[in-house]
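Protein chains in written order, with the numbering used here: chain A, 7 to 472; chain B, 7 to 472.
Each statement offered as a hint is correct.
If chains are identical, the list can't say which one is meant, so a pair holds when it fits in one copy or spans any two.
Computed cross-link-like contacts, DSBU-like style, restricted to lysine-lysine with a CA-CA straight-line distance of at most 30 Å:
no. : residue 1 : residue 2
1   : Lys392    : Lys184
2   : Lys114    : Lys34
3   : Lys332    : Lys250
4   : Lys11     : Lys392
5   : Lys11     : Lys397
6   : Lys397    : Lys275
7   : Lys184    : Lys48
Just so you know, these hints were derived from the structure itself, not from any lab.
In this text the structure is predicted, and so the values were computed from the model without any measurement.
Protein chains: 2
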Amino acid sequence: MMLSKVLTRLDASFGESLERLFELLRHKSISMDSAFREDCRKTADWLTEDLKTIGFDVSCRDTIGHPVVVAHHDGPNADALHVLFYGHYDVQPVDPLALWEDDPFDPKIKELNGHKVISARGASDDKGQMMTFIEALRAYKQETGQLPVGVTLLLEGEEESGSPSLYPFLEAHADELKADYALVCDTSMWHRNTPSISVGLRGLLGEEVIVNAASRDLHSGYYGGAAANPIHILVRILADLHDKNGRVTILGFYEGVEETPEQILSAWKTLGLGAGGFLRSVGLSLPAGEKGRSLFELVWARPTAEVNGISGGYEGDGFKTVIAAKASAKVSFRLVHKQDPLKIREAFRAFVRSRIPADCTVEFHDHGASPAIQLPFDSPLIACAKTALLKEWPNPAVLVAMGGSIPVVGHFQSLLGMECLLVGFALDDDCIHSPNEKYDVNSFHKGQRSWARILAALSSFSEPGK
Amino acid sequence: MMLSKVLTRLDASFGESLERLFELLRHKSISMDSAFREDCRKTADWLTEDLKTIGFDVSCRDTIGHPVVVAHHDGPNADALHVLFYGHYDVQPVDPLALWEDDPFDPKIKELNGHKVISARGASDDKGQMMTFIEALRAYKQETGQLPVGVTLLLEGEEESGSPSLYPFLEAHADELKADYALVCDTSMWHRNTPSISVGLRGLLGEEVIVNAASRDLHSGYYGGAAANPIHILVRILADLHDKNGRVTILGFYEGVEETPEQILSAWKTLGLGAGGFLRSVGLSLPAGEKGRSLFELVWARPTAEVNGISGGYEGDGFKTVIAAKASAKVSFRLVHKQDPLKIREAFRAFVRSRIPADCTVEFHDHGASPAIQLPFDSPLIACAKTALLKEWPNPAVLVAMGGSIPVVGHFQSLLGMECLLVGFALDDDCIHSPNEKYDVNSFHKGQRSWARILAALSSFSEPGK
Chain A
7 MMLSKVLTRL DASFGESLER LFELLRHKSI SMDSAFREDC RKTADWLTED
57 LKTIGFDVSC RDTIGHPVVV AHHDGPNADA LHVLFYGHYD VQPVDPLALW
107 EDDPFDPKIK ELNGHKVISA RGASDDKGQM MTFIEALRAY KQETGQLPVG
157 VTLLLEGEEE SGSPSLYPFL EAHADELKAD YALVCDTSMW HRNTPSISVG
207 LRGLLGEEVI VNAASRDLHS GYYGGAAANP IHILVRILAD LHDKNGRVTI
257 LGFYEGVEET PEQILSAWKT LGLGAGGFLR SVGLSLPAGE KGRSLFELVW
307 ARPTAEVNGI SGGYEGDGFK TVIAAKASAK VSFRLVHKQD PLKIREAFRA
357 FVRSRIPADC TVEFHDHGAS PAIQLPFDSP LIACAKTALL KEWPNPAVLV
407 AMGGSIPVVG HFQSLLGMEC LLVGFALDDD CIHSPNEKYD VNSFHKGQRS
457 WARILAALSS FSEPGK
Chain B
7 MMLSKVLTRL DASFGESLER LFELLRHKSI SMDSAFREDC RKTADWLTED
57 LKTIGFDVSC RDTIGHPVVV AHHDGPNADA LHVLFYGHYD VQPVDPLALW
107 EDDPFDPKIK ELNGHKVISA RGASDDKGQM MTFIEALRAY KQETGQLPVG
157 VTLLLEGEEE SGSPSLYPFL EAHADELKAD YALVCDTSMW HRNTPSISVG
207 LRGLLGEEVI VNAASRDLHS GYYGGAAANP IHILVRILAD LHDKNGRVTI
257 LGFYEGVEET PEQILSAWKT LGLGAGGFLR SVGLSLPAGE KGRSLFELVW
307 ARPTAEVNGI SGGYEGDGFK TVIAAKASAK VSFRLVHKQD PLKIREAFRA
357 FVRSRIPADC TVEFHDHGAS PAIQLPFDSP LIACAKTALL KEWPNPAVLV
407 AMGGSIPVVG HFQSLLGMEC LLVGFALDDD CIHSPNEKYD VNSFHKGQRS
457 WARILAALSS FSEPGK
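Turn these sequences into a full structure, and let the hints guide you.
Written out as structure tokens, the structure reads:
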């Protein structure tokens with residue numbers, strides 16, 4: 007009864023919620039580029055002010071990086087469940103800017119393949135998704151004067167740059183942040199009409215490698231054939247990362263990797279979208295990576311090593327016959343199950359060092375390390391959410407694993423001992439991390455309604471044995 | 007007698023010659039960057055006007071690229087020898103600009119390791135070198151009212167970008183440009199007190215490779231492990247270019263490569279500068295490249311494959327977990343003896359294509375192709391120049407090969423049938439193609455005097471049998 011009023015209010019005030027999202031999207035909160043430091047701060051301030059209007063006890067906390075917004079609101083009574091919701095207000099850089107059809111920080115409603123979409127950097131990842139939850143809270147508060155459960159919001163500004171400040175922050179504020187469950191809205195739907203709940207998330211290790219050779223750039227005519235070329239050294243190292251079967255060759259890399267149970271692999275195979283479809287949508291047709299594994303196993307349950315960027319020598323127009331003084335690459339590893347990110351970092355660095363000639367040097371920069379997480383397929387929390395979602399969407403939610411990494415979820419599990427519910431309304435064609443990011447208007451609307459339903463379900467939820 | 011007056015005049019007017027060079031150096035004639043197109047044109051115009059003041063019949067000729075300046079001046083009589091002098095007025099790009107101590111286009115006299123140097127982009131390569139010859143001509147004309155030999159000047163503006171217009175230009179104007187000998191001032195001295203004459207020049211083949219995979223940049227979490235990563239494809243191709251012994255693996259690459267005669271290798275070994283010294287000056291100590299070859303053989307007489315630039319994915323600050331849609335590299339090959347650049351281009355492209363997965367594509371861009379040249383060690387022209395240089399410098403000139411490429415020299419040989427004299431006054435620490443390029447004041451001064459002496463020697467030179 008109460009829920010239906012809240013849903014009606016969400017429908018009636020949808021236009022206003024869009025305006026608020028647009029305001030948020032206009033902030034250029036690119037966390038990894040120090041030129042946008044002040045923009046990140048202003049984004050956090052905006053969220054702080056917005057949450058105050060809902061009645062949250064909210065503070066914007068400084069870190070050595072970007073601020074964390076923490077907000078608390080009691081539940082309807084002392085016995086009420088308390089949840090911690092996590093979101094991030096930072097966004098990816100926008101380069102190459104030339105490929106955007108519109109200004110990435112001037113949000114617009116557009117029509118795309120017959121669907122209305124919100125076009126902007128961060129529309130999907132994660133500002134739009136984050137606001138689905140906040141709008142559900144706002145509607146509850148406005149309609150009922152209270153929230154159905156106690157809520158703590160944790161909104162960080164460094165997710166897109168590996169969340170360096172977050173782990174220390176969680177450690178320092180563990181008592182304050184601990185709740186019954188954690189909720190995250192940073193994942194995708196299975197299909198436009200089929201929500202998903204994520205039960206597995208790959209971990210992430212980010213490394214930057216800089217190979218230094220000569221003390222200055224050299225003329226390849228004078229020195230070519232005798233002077234070490236750091237690009238050659240680097241490409242050999244990177245080429246060595248995989249064997250002919252696509253397996254990563256770093257010593258001990260597969261330690262802690264488990265084989266996925268046959269019944270889960272079978273379930274994934276029935277999901278109806280073959281390798282061709284998944285890849286065809288981005289112009290590819292042949293699965294790369296490890297041989298002998300099915301597509302969803304590759305992206306959800308197998309670890310990877312990917313070179314995300316490489317740079318060295320002359321990269322401008324035309325040609326320059328130079329032997330560079332240095333070359334660099336950014337390499338990330340997606341981790342699964344019990345792989346230890348720190349052990350793999352050391353093994354990777356040893357792998358690289360052993361391939362550096364004695365008269366050259368190598369530097370490493372650490373870009374974050376987080377283990378994988380695996381949630382129980384048979385969790386009552388997940389069952390509760392699944393039931394709530396079924397009332398909103400045409401098709402039942404499917405339980406999937408995710409190839410991406412949300413480092414904080416691992417920390418919630420290991421540091422705060424919380425089970426985590428991962429529900430999101432992004433679509434695979436949202437172009438997150440790419441030019442022309444968008445979020446479907448339908449995702450934003452039904453996402454709000456979905457959270458209202460889940461919150462209602464959680465208000466009467468009691469887990470057996472808890 | 008006449009020569010000594012010319013030398014005295016060169017000494018007396020050295021300050022004015024420096025001012026002229028500074029004017030020339032202020033022109034930003036970066037040929038490979040289209041933003042400097044107009045600067046290249048103005049540089050050619052400046053040279054045109056300057057040569058008119060010497061009395062040359064000069065014209066600035068348009069090409070589809072940058073203009074070529076062609077200037078003619080008769081010799082003292084109808085029987086006089088006629089020489090073609092080649093130089094280039096274009097310069098390399100200046101990036102990384104942050105590493106320059108001074109504005110690269112605001113020339114200055116500075117003190118460096120106890121020597122006065124001219125600091126600017128192009129001070130050495132090739133504006134300063136080119137002007138040593140022009141200043142010698144000017145002094146001759148001013149002092150004697152004529153030139154000791156007939157002279158044609160061919161000053162191009164595309165040397166640093168592979169001279170795409172030059173070959174067609176030479177073909178179209180072969181009759182006009184044909185002379186008894188070609189002279190080039192674009193090479194280095196052996197040591198500060200020891201000039202060199204180059205008898206071998208490696209050829210150059212420039213190729214740009216672009217590997218295209220997905221239709222857009224992908225999130226490495228969603229797609230990593232299943233989608234083709236063009237950086238992986240590219241680094242494997244580039245790593246495959248050399249075997250474990252540093253030999254290039256492209257099919258037929260060594261066709262036409264000759265072993266250097268033992269007595270020449272021995273002479274090079276006595277040159278007194280071991281691999282350590284040559285490499286130590288740039289912070290290295292171990293010869294890279296082909297195993298079992300001596301240093302000077304590697305840089306003068308062996309072919310190479312060098313990656314001059316590589317680019318792909320996220321290259322900015324921080325980290326971006328992206329799988330790039332494309333990755334690219336610039337690769338150059340130094341060629342020796344009878345290696346055929348066009349055959350090697352085709353073999354390289356086949357090598358690359360055979361390593362591209364069926365759902366990815368590759369593009370190539372041609373950045374010039376020129377064969378190597380090898381001059382006779384026992385040429386009378388070289389002996390004549392050697393005698394002239396001995397009067398100017400403390401030590402006799404050594405006959406060396408050069409690792410760099412001056413494509414036009416090959417064309418002079420093959421297209422115009424001219425023997426080519428390569429004398430230059432650059433020093434190995436001139437930082438050509440690098441930040442803080444310089445040319446020693448001593449090189450500029452004694453370079454002018456050297457050409458005056460060589461011109462005087464040529465005026466009474468008659469080659470046996472010619």
